[in-house]
Amino acid sequence: MFRNQYDTDVTTWSPAGRLFQVEYAMEAVKQGSAAVGLRSSSHAVLAAVNKAASELASHQRKVFRADDHVGVAIAGLTADGRVLSRFLRNECINHSFVYESPLPVGRLVVQLADKAQVCTQRSWKRPYGVGLLVAGLDESGAHLYYNCPSGNYFEYQAFAIGSRSQAAKTFLERRYEAYDGYTREELIKDALFAIKETLQGEKLTSQLCTVAIVGVGEAFHVIDQKTIQEYIDAMEVSSEGGAEEETAAAPPSGEAQEGGDGPAEPAPMDI
Amino acid sequence: MQNVEISIPTLNGWLLGYPVTYLFSNEKLKKATGVVSMQSLHIYKIYVTRYPYVTGTSVIAMKYKDGVIMASDTAGSYGSTLRYKSVERIKTVGDHTIIGASGEISDFQEIMRYLDELILYDKMWDDGNSLGPKEVHNYLNRIMYNRRNKFNPLYNSLVLGGVKNGQKYLGTVNMIGTHYEDDHLATGFGNHLARPILRSEWREDLTFEEAVKLIEKCLLVLLYRDRSSINKFQIAKITAEGTTIHPPYSLRTYWGFSHFQNPSKGAAGTW
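Quick note, the sequences are listed as chains A and B, same order.
Heads up: the first sequence at position 15 corresponds to 15 in full-length UniProt numbering, and the numbers run straight through without jumps.
Heads up: the second sequence at position 253 corresponds to 253 in full-length UniProt numbering, and the numbers run straight through without jumps.
This is chain B alone, in the form it adopts within the complex (with noise of 0.2 Å):
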């Protein structure tokens, strides 16, 4: 044998799926895969995620006067295909936290056995304390961020929002262990047509319902322009009280507008 071309992907490029490709002599060859796994060229046999499977599509979530609200549609797509419609993608965690995951379910319910489990050591304490959203969001940072640097990420973003002292906290992280707080947040396709509506139209002292017609018209618009979302979807909320998962249901729709009559007409290059 020659030199062998031999892919040893970055970090990125890992993630992403495209590995960088380098040249190494034969001899320079285990020296250089050892750079990435102890063993020379089974690096290639480690189980990972590198694409999700079956995914769920934008969850939205803002604060408002007494709280934090948060949705989703329950759609699991199987790729393309819509293939299970009742998936609930959002759960609570301990008393003060509810989360809303998108991304690949079978991931977001390995999170939820951690978190779970979390919360069960953290009440066999019994001594009154209690984890909050944040420091919930925290654990899961760590996690996730971990998960990235092992080349495995838990394929999600999630967003975590709760009440706890009297403070509301809004808080996202995603596979790749980027997370920040804000007023209002979303994920995927959320991130670019629900939150520049929420920008304009968003304030502190929303109340409840207020709320839920600012969030329904995010979703209707979601549910217009995302392939992926169906119309049947959860609203919750958590307050200083509780917490609150409504069950799922449908907005109205219409689809006599003219643009949804032919909508590949006029789009050159597609058929």
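Chain A extracted, bound-state conformation (with noise of 0.2 Å):
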């Protein structure tokens, strides 16, 4: 009758060791539409995907100011994202309240992440199904974390999630070494060039994507479509040009590996 003897509850463990609710919340992030992040020691650029339901309707928000030192990028489920960004925000306002100095991101990642986990271990709960790529500034420099369901977070030098992730993140991996040392606008242009990946061929325009930037002397905002729109076109100019190696090589990446679930894979927690 059921498919799955050990996935009817989060707090249920199957004998090999993993929660399968839990991991379920994992996959609904990968349905979302895609979301990067990358940073310089300055600087953290946040990008995400515009996708709407239908021709009808506009596309959700995908990209939150928390504080002026901080932002996050969701994918999954929106709603949870709104709710986990208005979480962020409190924490950020209150500590700007009692302390006048912005909270340091590695904090805020372990509370946002302190209140996934808590899901994962309660039976009358089900786990956020978002993820969320935290960028933000602090004393020790720029920072991006991603924030997964399941309670874990990592730090990362670029970072790429939700669908079709996986050509984003072949990109960055090429490229991620040099990113310590990039300015703001290579960082955008990277940033612009991994949601490309993403979008398998599809024409990148500005109103398909949300760019935001927070750095040293530059609150968090989102770049507005104006800007975008001449970073995409001097891309598209210099790709024609022959520059070209990157979109070349990218997009038949990724995919194969993408969803196929192996059944002798370890428990894909820390992913």
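Be aware that a few hints might be false.
[What the hints assert, rightly or not] Simulated crosslink set (DSBU-like; lysine-lysine; CA at most 30 Å straight-line):
#1 K91(B) with K115(A)
#2 K115(A) with K134(B)
#3 K91(B) with K164(B)
#4 K213(B) with K150(B)
FYI, nobody ran anything at the bench for these hints, they're computed from the structure.
Make one complex out of these two single chains by using the hints.
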């Protein structure tokens, strides 16, 4: 009757040591439209694909400001993402009220992860079905974290989540080593390139994406569409000119591994 | 019972000890006291510090070339009795801050419990972030102002100094939550006797030796003119290298001036 004996409850272990409900929540992140993030030592950039549910509808917001020094991009259930961004905003504003200084990004991320973890250990709750890329700046520089429904969190130089994010990850993996020294313009350019990878041939326009930045001397803000379109136009000109290596190499990668549920795989909790 | 005279203190009246008196008729009485307390007439049973018992006198502090220097004597007065003579009123708070207190000694001990707990929980993160003098100052501002709003102030004037990220910091907060920063500060009598000297002689580039000389000049004036001060002083400094609170020592005094010979002579109206 049941496809899986061990997945009716978040708190039920499978004999292989897996929590299926938690893994399903992580699957929800992969269904959402893609979001990418990358950082240099002084700036962090978030970008997301704007996808409308129907031709007649507007798209959902994917990027949220938590405070002047942090923001998030989400993939998965937007409703859950909104609730969590409200939580982040609350944590930030409470900290600035008490200490008159910004909350360190690493601590914000731990509080968020602890909140997600609780949902994996209570039978009457459900895990959040959203992944968050948290980008921010604090005393120790720019940071990028990924927060997973499982309650795990990881710090990254660059990362991508959401549908077809493997293509973006492959692109970022080839280039992340130089990111520490990147200027903000270079970061934005690579963010757009990574987003383009997830579109699989669909044309990248400024309507189709949201890009936000935070960095030294620059509060978290979404970059306006006109500026983004200028970046996109410049990219297209240069790739026609032949500096083309990334577009040529990347698209056919990743997709095959994605979603392939090999039966003997270890628990994918750390993704 | 006819009309009853009942005192309902205003905020400042309560703090300063002169309740403003209103006249209410009997049937309105319950409602009127309800403005101040949920329980009619029980308001006078709330235990608050209306006046301090064991107090410390002035603290003076200033920025100098390498950091912040702070000084106070070690007296704990019981009213006008010099009851305790070795009370250390300057303490360290975490790695970047020193605090000096005048006013009720037991309230200062309570404040140190709050701060030690704050620092402990901050250290427990173990993530490389730490609270600086600005954060500690703001935290105390919130505590002091909150307590005065509960009509239960902590009877202190506090001075906070510190250095973090190459930035010198010096601020103060008092029992009613008034707070500000300055290059040099003093509490209590020091505001009247030490700060005029500091205003005319303080420089940003004072060396430590010059700063000690200036501080000692102020301490000596206070010793001569403030009856609650004693000749046993502590000097503390905080720089980027760390904190030093020096053991107590005495200053050389000279009481042979003719004005000190018969102090009440010519002071009409005293005995």
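Verification of the hints:
1. K91(B) with K115(A): Since the Cα atoms of K91(B) and K115(A) sit roughly 36 Å apart, the hinted pair is violated (cutoff 30 Å).
2. K115(A) with K134(B): holds, 29 Å
3. K91(B) with K164(B): Status holds; Cα separation ~17 Å.
4. K213(B) with K150(B): Roughly 42 Å separates the two Cα atoms, so the pair is violated.
Hint violations for this structure: numbers 1, 4, all remaining hints satisfied.
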